[in-house]
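Undergrad: Chains as they are written, first to last, in the working numbering: chain A, 877 to 1167; chain B, 877 to 1167; chain C, 877 to 1167.
Quick caveat, the hints were computed from the structure, so don't treat them as lab data. All of these numbers come straight from a predicted model, not from anything done at the bench. Worth double-checking, as some hints may not be accurate.
Same chains, same label: a pair holds when it works inside one copy or across any pair of copies.
[Stated by the list, open to error] Heads up, simulated BS3-like pairs for lysine-lysine below, C-alpha to C-alpha not over 27 Å straight-line:
#1 K1053 x K919
#2 K1013 x K1072
#3 K1045 x K919
Residues per chain, in single letters:
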Amino acid sequence: MESLAELSLQFSQLSMFPFFDVAHYWASVMSAREQPGALDVAKRSPMACWFSAMLYCFGGGILSSILLAEPPVSFLSNGTNILLASVVWYLVYYSSADLFYSFSCILPVRIIVSAMKEVTRTWKVLAGVTHADSHYKDAWLVMITIGWARAAGGGLISNFEQLVRGVWKPESNELLKMSFPVKVSLAGAVLFTLQKTQHLPISRNNLMLVYTLFLITIKVQMMLTRSSASPFQPIEAVVGRLLFGCQQAETGVKEKGPSTPDAKGKPSKQPEPSSAEKSESAKSKGAKKSE
Amino acid sequence: MESLAELSLQFSQLSMFPFFDVAHYWASVMSAREQPGALDVAKRSPMACWFSAMLYCFGGGILSSILLAEPPVSFLSNGTNILLASVVWYLVYYSSADLFYSFSCILPVRIIVSAMKEVTRTWKVLAGVTHADSHYKDAWLVMITIGWARAAGGGLISNFEQLVRGVWKPESNELLKMSFPVKVSLAGAVLFTLQKTQHLPISRNNLMLVYTLFLITIKVQMMLTRSSASPFQPIEAVVGRLLFGCQQAETGVKEKGPSTPDAKGKPSKQPEPSSAEKSESAKSKGAKKSE
Amino acid sequence: MESLAELSLQFSQLSMFPFFDVAHYWASVMSAREQPGALDVAKRSPMACWFSAMLYCFGGGILSSILLAEPPVSFLSNGTNILLASVVWYLVYYSSADLFYSFSCILPVRIIVSAMKEVTRTWKVLAGVTHADSHYKDAWLVMITIGWARAAGGGLISNFEQLVRGVWKPESNELLKMSFPVKVSLAGAVLFTLQKTQHLPISRNNLMLVYTLFLITIKVQMMLTRSSASPFQPIEAVVGRLLFGCQQAETGVKEKGPSTPDAKGKPSKQPEPSSAEKSESAKSKGAKKSE
Chain A
877 MESLAELSLQ FSQLSMFPFF DVAHYWASVM SAREQPGALD VAKRSPMACW
927 FSAMLYCFGG GILSSILLAE PPVSFLSNGT NILLASVVWY LVYYSSADLF
977 YSFSCILPVR IIVSAMKEVT RTWKVLAGVT HADSHYKDAW LVMITIGWAR
1027 AAGGGLISNF EQLVRGVWKP ESNELLKMSF PVKVSLAGAV LFTLQKTQHL
1077 PISRNNLMLV YTLFLITIKV QMMLTRSSAS PFQPIEAVVG RLLFGCQQAE
1127 TGVKEKGPST PDAKGKPSKQ PEPSSAEKSE SAKSKGAKKS E
Chain B
877 MESLAELSLQ FSQLSMFPFF DVAHYWASVM SAREQPGALD VAKRSPMACW
927 FSAMLYCFGG GILSSILLAE PPVSFLSNGT NILLASVVWY LVYYSSADLF
977 YSFSCILPVR IIVSAMKEVT RTWKVLAGVT HADSHYKDAW LVMITIGWAR
1027 AAGGGLISNF EQLVRGVWKP ESNELLKMSF PVKVSLAGAV LFTLQKTQHL
1077 PISRNNLMLV YTLFLITIKV QMMLTRSSAS PFQPIEAVVG RLLFGCQQAE
1127 TGVKEKGPST PDAKGKPSKQ PEPSSAEKSE SAKSKGAKKS E
Chain C
877 MESLAELSLQ FSQLSMFPFF DVAHYWASVM SAREQPGALD VAKRSPMACW
927 FSAMLYCFGG GILSSILLAE PPVSFLSNGT NILLASVVWY LVYYSSADLF
977 YSFSCILPVR IIVSAMKEVT RTWKVLAGVT HADSHYKDAW LVMITIGWAR
1027 AAGGGLISNF EQLVRGVWKP ESNELLKMSF PVKVSLAGAV LFTLQKTQHL
1077 PISRNNLMLV YTLFLITIKV QMMLTRSSAS PFQPIEAVVG RLLFGCQQAE
1127 TGVKEKGPST PDAKGKPSKQ PEPSSAEKSE SAKSKGAKKS E
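Chain A on its own, in the form it takes in the complex:
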């Protein structure tokens, strides 16, 4: 038990800079590049492409700045991080013969990068909740909102990120149809807020460790089984039916949770066009469908 406390303490003192930050930029820019039409924009206007990639990398900080009336440009004042993100952006989009992108698409590489990115999510949720708490004492809704915005900002501002690339899909947004990263960030923001307001009998360090392990496990499982089904679906189906009279229940049952990845209804053994495209988050999938 003592060793667990020590482990979680050491884990909570992990520095995000530079390796985890780079992994976050890497995964974010990969995700930006896999949007439909992104490569075309990269050829036509490197400027718009760069700005769109920065919105993917720093969207959470920008959104939480706007919500707290802090300067949204302040992310530009951290020159080192911008430089790292820009180098990653350049390599992913413009490396000769697309070597870097092909390398990034190898499944083990992608899994490691994605897992490291998920670690930064914990740090962001916590930073957001703590920052909001220092502004508004005991305003738990503000704490949840800022923690959520910090960790899932890129998704929440996707409509405006698309606008930079000349794409406009008003019929879809992350509130109408939440992707898994956005949902899990919201859940994290709620948990860390409860911990902060002392409604959750767990130490902060332990919660960080448990939440991160949960994030990584689910993410890796989703990438390996090529499933986009969220572990929240059973809960959502029950809540939706009880509180809001939703009829989503049937589809929820049909799609099945990730606990049965090899269920008959899910032909995950069939040949797939590309591991990269399949393992993309639900958001990217939704985007492709609506095209």
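Since the structure of chain A is provided, determine the placement of chains B and C on it from the hints.
TA: Using the frame of chain A, we list chains B and C on its own:
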């Protein structure tokens, strides 16, 4: 005369919380629910539905916060008001057998709720003008803008409220075709600014009373006669013709003001599909037309 | 040499108010009026038309305020400038028999007004860079961004300016296809930032003079030759090919730079429908094409 001074003093000390605030949330959420497609969103995504309803309820505060570079999330720090608004939202959208909505649609209930909501408009215009005055000394344009934004914010940000629900109607906005609540809020902001800068020979308390009585009279009259014609139309027609060479004049004459509600041209005695739909503000009507 | 130093000192002490400011409003409102559909909006809703014109005139200040979390309404607190801009707006849109607009379209008038507007650009870039420097010490990316936003704000927020008029063109924005004023503002922001951080061996006053002369020369040349080709095209073509593998190179060669204004490919001597329409900036042209 003394009794009038006393009455207006007592009126100006009226507390908006909780009854008038609830009436405002009630009328706002009803208006949100009557938007085309709103019920469909309520089934698909309670989250987007709740956020859209909050934009209806707190849109004025959010918009004026943004304009003054104050945190737009601060409305979330008032837990009690959010709770009240959320309860109203839940009842209007998801009460069993739609009992609450049916009850809200009874004309006398609706008239009382709408009248109480109009009272909150006076308080909002005044709060906005006073708040702007404390930031910018004697900047009357800022005072008008913030007073207007605070009182009519939900309408002014309607494009972005629609975006939350996956709807996008760029061809219509409240500046291109102002609805009556937006116009009357602008008029109120001008009046209270003139009073504040001592260009209007009337005490603040008296202006509050007179403006509120005007708001309620017009609103009730519009609901009873199911007319959406604004009392500003004659003035607008004259100003438009003199200053801007507008050709709106003819339509302005045809539609007639509310001073002749039973004019021949206006078949207000004919059977109507639903009192609720008809008594909706011009904004909702415009939205329906453009579908 | 001493006289040059004296000249640049005197030039740098030039007051923008009132003549250069009025020229800026004049050129901006002319440009607003020449947008497709603008006159129709002017007839339907003077309010939306006025607000759209103000976004053209004060867009840079508004955008840089938002980016630095300062109140975006503060431009309204300068009553005199708003009054000047509004008078210009009224004259350009609603003067009887369109006398003022016809007068503004005379080529020499237009050239003088445009040249004076370019002078204000230098002052805006410098003000933006200096203002950002006072907020963020040595954050050169922030300095470039704010200098750029201040000088080219109207262009950068064009999507939202269009929304005010009920127009929505998500497929085009100033990042995807930069117009010449936006490009030259960016170049200016980079130069003044380099000067400020002492990486450019030139005094501030001299840089102001040189940059302004460059702006005016190019602008007048573009208006006289009715060309929208940018002097940056050769550089862009090389950078694009070397760094980003762009295929723009061929079109860049075909269109030719402004150094050969009378090239065979450019029938600038042919009768043109209207000097005003032709001499419009690339941005307006792009807008027309995409209709």
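Undergrad: Decide, hint by hint, whether the structure agrees.
TA: Against the structure, the hints come out as follows:
1. K1053 x K919: Between copies, since 12 Å is at most 27 Å while 30 Å is not.
2. K1013 x K1072: within (11 Å within a copy, 34 Å between copies)
3. K1045 x K919: both (22 Å within a copy, 21 Å between copies)
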